[in-house]
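Colleague: Residue numbers (the working numbering), protein chains in the order written: chain A, 1 to 565; chain B, 1001 to 1159.
There's no promise every hint is true.
Unchecked claim - Partial pick of chain B residues on the chain A-facing surface, computed with a CB cut under 10 Å:
no.	residue
1	Ala1029
2	Lys1040
3	Arg1050
4	Gln1055
5	Asp1075
6	Ser1137
7	Ala1140
8	Ala1144
9	His1147
10	Ala1149
11	Asp1151
Said to hold, decoys possible - If you want the footprint, here are the derived chain A segments under chain B, 3+ residues with CB under 8 Å:
no.	stretch
12	24-31
13	323-334
14	342-348
15	360-373
FYI, nobody ran anything at the bench for these hints, they're computed from the structure.
Yeah, the Cβ is synthetic: ideal placement off N, Cα and C, and Gly gets one too.
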Amino acid sequence: MPHSQDQSGRLLLSGNEAVALAARHCGVALGTGYPGTPSTEILENFSAFGGKAQWAPNEKVAAEVALGAAFARARVLVTMKHVGLNVAADVLFTMTYSGVDGGYVLVVADDPGMASSQNEQDSRRYAEAAVAPMFEPANSQEAYDLLRVAFDVSERWKIPVLFRMTTRVSHSKSPVKPRFPVGTDLAATATGAAAPEFVRNIAGRVMVPGHARPAHRRLRAKMAELEAWNEAEGPTLHERRSEELGVIVAGISYHHVREAAPDASVLKLGMTYPLPLRTIRNFAESVGRCVVIEENDPWLVTACRAAGMLVEAKDDAIFRFGELSVERVRRILARDGRPEPAAPRGKPPELCGGCPHRSSFEVLKELDCIVAGDIGCYSLAALPPLAAMDMLIDMGAAVGMGLGLRHVLPRDQAKRVVSVIGDSTFLHGGLPGLVEMAYNPPETGHVLIILDNGTTAMTGQQEHPGTGRQLDGAGTYRVSYEDMARAAGVKNVVTLNPIREKARLKEVLVAALQADELTVIIARSPCILAAGRIVAWEKEQKIRVEAGEEPATLPACECGGQCAG
Amino acid sequence: MELTESKTSNVRFAGLGGMGVIKASDIFADIVFRLGHEVKKAEVHGMSQRGGSVQSDVRFGAMVHSPMIPEGECDFLVVLDPTQVEVVRGGLRPGGVLLTPADIAVAKLATAKALNVAMLGRLSRHFDFPETVWRESLRANFAAKLHAANDIAFALGRG
């Protein structure tokens, strides 16, 4: 969508678009991440604005690639949804010790209310646990402005910074006045970014115990300095109105508060870790009644109370669940504990007509399989009328959960267990499960079905290492699920089209369930929403080969791409 | 509708995934932004793409706080799918305007895909914005090959 400008040069941008534009205007050398609602559009827009952006197989790899670049002094942006930070947590918890040389901002997008997620975990806990400064914008302009502050803090204190978005900040649009016009040639504009260079620092970057012990002390010292900075010149907004009622708030809830209680005094925090506790205390003591308004966990109010402040919390029996809104803030402030009116039930989403997953799950249902499932569009197969998925927890878990079931169930039940996982999800978190499958095979064998629809469909058709195309559509190496399964030690590897060869899928699955062996079935048929694009790409490659040129990527499998068409 | 400086106007678009609900709200937000209003727009992506219920809120005026319209405060409710009317009706304020496909000659639409544009045309009757601004935004937000069909659909709704 093109961006209209108003007369003062402002653009109407989503929070994600604002972060992308800010990253470009901060001279970010590399953006990397893994798609996940509501964070996905950040890297797509960063690429569209001319930045170098790439999808990694998962969030941990993205955070590590970015870390290497930041060790070389480059400015980097990493994006993911809240549960993605669980995957990247390993690197996060120690890169705060090592610190960075170039600015490192990790955008994590929380999903209060679970519009499209499996839990509503609160990333503020990661800031505290991993000891990383955290910024929280409330709207698109703040997303744009605070990203620059985040890079400044990251480089001044040589520390990775967390940038917490939420669904409503990421996906709401509001006006943004950028520092440079869109499309400014930033090579010619001073952004303050350093030229990448390797400078050896073994004691600073090799986190063996002897180096990590002093690093931990350095990290805590940085936090003390950052707290003082946040007190003195942090992005805190103090709006003095009523002396009776004061509200402490951060992020999108600020706007709900302004509408629900226009006369209340407000202390709005832009940096929520480390907290400016002295500023907060002064505010709390300046009003008759001080209420902390926050979505999800009572994290901010707990910190205030631990510091001895008399502040009021929301009623967590009601308001801990789901996102806040103007109505809910009104209720919190009125101490209204009555049950909330139930939201009218809308139509639930379902698999598209003609979706290849539908065909695969119809076969699984017909054979009464016990299905260890995974995360993607095909999660919808768990809903009626299919109701053909028995468990879904986290990315890649289908493989491990299926193996666990096989190990302990009585033989007649174990023989019905199948692990089902999508292509992008398999590459994200399923690969170690494949290795486990060959390493510790259950006595009854196991069956893993990889649903390869040629795209990361759920989040809006992003590329991944199995599509043969990079984030911007450029051709690249395409990994082969067939070769990976064989290399791991699986003897039975079958590729078929679940729509055109539905009967064969059933035959192959029946045979695989009967044998006490390991089988990987690749059910390959393009996502119907992406099929036009995928088929056009395959044709283009075929024409290149026929003309004696190198294709931009490898063919999909032994069938020469036939099965994808 | 008469726009007053102090009041925020609230327009909610609703329907099912794939009908162009979010696109319609993007275009309407773009139009009020081009006209110099403060504007905020809120929607939820994700699972709603797969044929499920979708809502998108546009709020504009001299000052807008929350991007989400509080329940019961919609001035306009533009519903693209008749099955969704009862689901979303509660969002309308007393005296608010409900617009559904029954308000336009749907049978005359060349393609159901253009329903969102026709409903924008129907909505346009309630605002004294210059017609050229609506049409400019439609052209800016759709591929050139759709411009002619959109002009017809918009005119059908605007009447």
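Colleague: Work down the list of hints and note, for each, if the structure agrees.
Modeller: So, going through the hints one by one against the coordinates:
1. For Ala1029(B), the shortest C-beta to C-beta distance to chain A is roughly 6 Å, which falls under 10 Å, so the interface hint holds.
2. A least Cβ separation of about 5 Å between Lys1040(B) and chain A falls short of the 10 Å threshold, and the interface hint therefore holds.
3. Taking 10 Å as the C-beta cut-off, the interface hint given for Arg1050(B) holds, the closest approach to chain A being about 4 Å.
4. Taking 10 Å as the C-beta cut-off, the interface hint given for Gln1055(B) holds, the closest approach to chain A being about 8 Å.
5. Interface hint status for Asp1075(B): violated, as the beta-carbon distance to the closest one in chain A is roughly 15 Å, over 10 Å.
6. The beta carbon of Ser1137(B) comes within 7 Å of a beta carbon in chain A, closer than 10 Å, and the hint placing it at the interface holds.
7. About 5 Å separates the beta-carbon of Ala1140(B) from the nearest beta-carbon of chain A, less than 10 Å, and the hint is met.
8. Given hint, Ala1144(B) at the interface with chain A, is violated; its Cβ is 13 Å from that chain's nearest Cβ, farther than 10 Å.
9. Taken as an interface hint, His1147(B) does not check out: its beta carbon lies about 14 Å from the nearest beta carbon of chain A, beyond 10 Å.
10. The beta carbon of Ala1149(B) is not positioned within 10 Å of any beta carbon in chain A (closest approach about 19 Å), and the interface hint is therefore violated.
11. Restraint check, Asp1151(B) versus chain A: the minimum CB separation of about 19 Å is more than 10 Å; hint violated.
12. Beta-carbon proximity to chain B at under 8 Å applies to 0 residues in the stretch 24-31 of chain A; the threshold of 3 is not reached and the given coverage is violated.
13. With 3 residues having a Cβ less than 8 Å from any Cβ of chain B, the stretch 323-334 of chain A passes the three-residue criterion, so the hint holds.
14. A count of 5 residues in the stretch 342-348 of chain A with a Cβ less than 8 Å from any Cβ of chain B is obtained; the coverage claim is therefore met, three being the minimum.
15. With 0 residues bearing a CB less than 8 Å from a CB of chain B, the stretch 360-373 of chain A misses the requirement of three and the coverage assertion fails.
Checked against the numbered hints listed earlier, the structure breaks hints 5, 8, 9, 10, 11, 12 and 15; every other hint is satisfied.
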